[in-house]
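**Student:** Chains as they are written, first to last, in our numbering: chain W, 1 to 289; chain D, 1 to 172.
Hints were generated in silico from the structure; no laboratory data involved. Any given hint might turn out to be false.
Estimated spans, in silico, between C-beta atoms of each pair [said to hold, decoys possible]:
1. W/Ala-156 x D/Asn-153: 57 to 67 Å
2. W/Thr-214 x D/Gln-36: 42 to 52 Å
3. W/Asn-182 x D/His-119: 52 to 62 Å
4. W/Pro-183 x D/Thr-24: 37 to 47 Å
Which bits of chain W does chain D cover? Going by a derived footprint, with three or more residues having C-beta under 8 Å, they are [what the hints assert, rightly or not]:
5. 101–109
6. 275–288
Where is the CB? At the ideal position from N, CA and C, for every residue including glycine.
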Amino acid sequence: MDPLASGRLAPPPLYGLVLAGGRSTRMRRDKAALAYQGQTQLERAMALLTALVARAFVSVRADQRGDPLRARFAQITDAHQNIGPLAGLLAAQAQHPEAAWLVLACDLPLLDEGTLAHLLRARDPARTATAYRSSHDGLPEPLCAVYEPRSREPLAAYVAAGNQCPRKFLAGADTLLLDEPNPRALDNINTPEEYGSAMATLTAQSSATTRHVTVQYYALLREQAGRREEALVTAARTPRELYSELAARYPFSLAPEVLRVAINAEFGEWSTPLKDGDAVVFIPPVAGG
Amino acid sequence: MRWCSFRRSPVVENAPPQPMFRFTRTPIEPQAARAQLADPACGGYAAFEGWVRDSHEGRRVRRLEYEAFEALAVREGERILAEASARFGVAHAACLHRVGELAIGELAVWVGVSAPHRHEAFLACRYIIDEVKQRVPIWKKEHYLSGDSGWVNCERCAAPPAHAAQAHEHGT
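Could you build the full structure based on these sequences and the hints that come with them?
**Tutor:** Structure (structure tokens):
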């Protein structure tokens, strides 16, 4: 059916923008270049975005265009100067007015896929923007938010009137505000002390977030995996995530909906948190008797 | 000991609890299996035997393979037996299931129940085999005369069998 005839308009394309045009004054070092676990903050943010959007860009000032860290990515150059983070979004919206923009700051080392996925699931394209409510002060978090195409004109007018604060813009606009699923995900870092603390948190998380599990395969899954059992180190937090990970590796024909899960030889739930040492079995449709 | 009820055999007091749901790789012997259900308090014994049939959904079957996740299957099987005992008031209930390769006509599963009266024995026997088929992690692979094979209940969402195999089957 013609989507227009059925009354449904195609949603706007979702583009991503990492704001890496800041001056990092308090950090006294370029925040985009700070490394966490071997990856710069800019690379981390771009990797998170690239998985979720049709196109991802890094927002830069004109004098940063040749910077090797930033030159690896598609860039959008600020047209305004000294108006803060809104300069990047204005330039992006001017270049692609048809798109919705998922905007990320370049100083959110604790930002996780789950927080972005929740934002996009809850997003309402009929609103001006979708954003998180800060777990610290209850105000909108403007630098991990989706700005719909309809935000473009009011935002341009807001800046033209001499305003610069993106939080106040969102607070005064038709913004869908969500509670953060991970209250530390949007902790931004501005000082060397905060950088050190974020690195310590990430190190603690990564040792806690990979786990050793064994998986046993039976029947059709055994044949499709080509093995009876294996030991894995996985970042999967639940059997559901583990099955997705394995389904990417093996030609599994069974959808998770037709399977059951066992953990340590007892029936479990797809959402049960996995622990180190768990033995997991995915149970195909049974046919005893 | 009256409150222990007739579910426990009065003739084997203090016997260690024996798993009543078991897998076996060798042929099931119903005569031997039913002996464990004997009880002077019981006047009724009902059994079900599931045999390997030579066809399934219109396809000619040559032989079968059963596979089980035994650690969980025994737990779930024991739960089913306990449910049947509690629900129908039977004295003893047992189930044996084959794993491995089976030929046409072989005994794949045996369920036996003894009870004071026949009515509850029949009901419990039916309950046990129905629940075992639904809940216990056992899988059956059928090998067809046409040369191909499939895991029962798992193949409908998988790739369909090759046309050549279908044509061959219809032609025989």
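**Student:** Work down the list of hints and note, for each, if the structure agrees.
**Tutor:** Hint check:
As the Cβ distance of W/Ala-156 to D/Asn-153 is approximately 60 Å, the hint placing it in 57 to 67 Å holds. Distance hint check for W/Thr-214 and D/Gln-36: the Cβ-Cβ separation is about 35 Å, which falls outside the suggested range of 42 to 52 Å. Taking 52 to 62 Å as the suggested C-beta distance range, the pair W/Asn-182 and D/His-119 conforms, at roughly 59 Å. For W/Pro-183 paired with D/Thr-24, a C-beta distance near 55 Å fails the hint of 37 to 47 Å.
Residues of the segment 101–109 of chain W with a Cβ under 8 Å from some Cβ of chain D number 0, which does not satisfy the need for three, so the listed coverage is violated. Here the segment 275–288 of chain W counts 7 residues with a CB under 8 Å from a CB of chain D, which clears the bar of 3, and the coverage holds.
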